[in-house]
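Student: Construct the complete structure from the given sequences, taking the supplied hints into account.
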Amino acid sequence: MPRLHSFPPVADEQSNLLILGSMPGKESLKQKQYYAHPQNAFWKIMGDLVGAHPTLPYQQRLSALTAAHIALWDVLKTCERQGSLDSNIQNETANDFASFFKNHPHITHVFFNGAKAEQSFKKFVLGKQKLPPLKFVRLPSTSPAHAGMRYAEKLQAWKTAVTG
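Numbering (the numbering used here), first residue to last: 16 to 179.
A portion of the hints provided could be inaccurate.
Unchecked claim - Below, computed lysine-lysine pairings styled on DSSO-like, alpha-carbon distance capped at 27 Å: (1) LYS169 / LYS47; (2) LYS137 / LYS41; (3) LYS150 / LYS174; (4) LYS174 / LYS59; (5) LYS137 / LYS174; (6) LYS150 / LYS92; (7) LYS169 / LYS150; (8) LYS169 / LYS41; (9) LYS117 / LYS47.
If you are wondering where the hints come from, they were derived from the structure by calculation, not from laboratory data.
From a predicted model like this one, the values you see are computed outputs, not experimental measurements.
Tutor: As structure tokens, then:
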């Protein structure tokens with residue numbers, strides 16, 4: 016089974032909230048871009064919330080996130096997985112969140128993009144890495160595999176969390 020590696024974080028010194036996925040999917044890894052699958056609702060949601068529209072070039076979308084003080088990363092540094100489904104993830108290792116939060120002291124809120132990100136964070140990070148006081152919230156997954164919720168419902172949940 017292939018060993019996969021996540022991307023570096025997208026963040027700057029003004030970031031005050033962090034959105035965490037589990038591990039980039041097959042299309043994201045191929046394009047070397049967060050949430051690259053065209054059916055993933057992440058960029059559509061971020062477009063509606065902070066102007067990071069999916070039609071913008073990737074670097075402009077990332078700039079729109081950082082301008083809105085949003086950091087983006089994945090819980091897992093490496094894993095093994097066939098395909099893109101979170102349920103196929105095995106042999107995970109977590110990213111170094113202790114160092115990340117030390118270098119980004121303004122982050123107070125962590126939002127999980129779906130259940131797997133939250134479960135992985137609880138299993139591999141909480142209680143194992145030194146973290147500052149943080150507020151944690153799980154949001155509905157933007158993945159096309161999470162089709163049981165309409166876009167409007169996902170957008171409302173994300174809007175309430177991300178923009179207050």
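Student: Evaluate each hint against the coordinates.
Tutor: Each hint, compared with the structure:
For the hint linking LYS169 to LYS47, the alpha-carbon distance of about 25 Å falls within 27 Å, and the restraint holds. For the hint linking LYS137 to LYS41, the alpha-carbon distance of about 24 Å falls within 27 Å, and the restraint holds. A distance of roughly 16 Å separates the Cα atoms of LYS150 and LYS174; the hinted pair therefore holds under the 27 Å criterion. With a C-alpha separation of about 12 Å, the suggested pairing of LYS174 with LYS59 holds against the 27 Å cut-off.
Our distance criterion of 27 Å between C-alpha atoms is met by LYS137 and LYS174, whose separation comes to about 24 Å. Proposed proximity of LYS150 and LYS92 is supported: the alpha carbons are some 22 Å apart, at most 27 Å. Restraint check: the Cα-Cα separation between LYS169 and LYS150 comes to about 20 Å, which is no more than 27 Å; the hinted pair holds. The hinted pair formed by LYS169 and LYS41 meets the criterion: a straight-line CA distance of about 23 Å does not exceed 27 Å.
Distance check on the hinted pair: LYS117 and LYS47 sit about 26 Å apart at the alpha-carbon level, within 27 Å; holds.
Every hint from the earlier list agrees with this structure, and none is contradicted.
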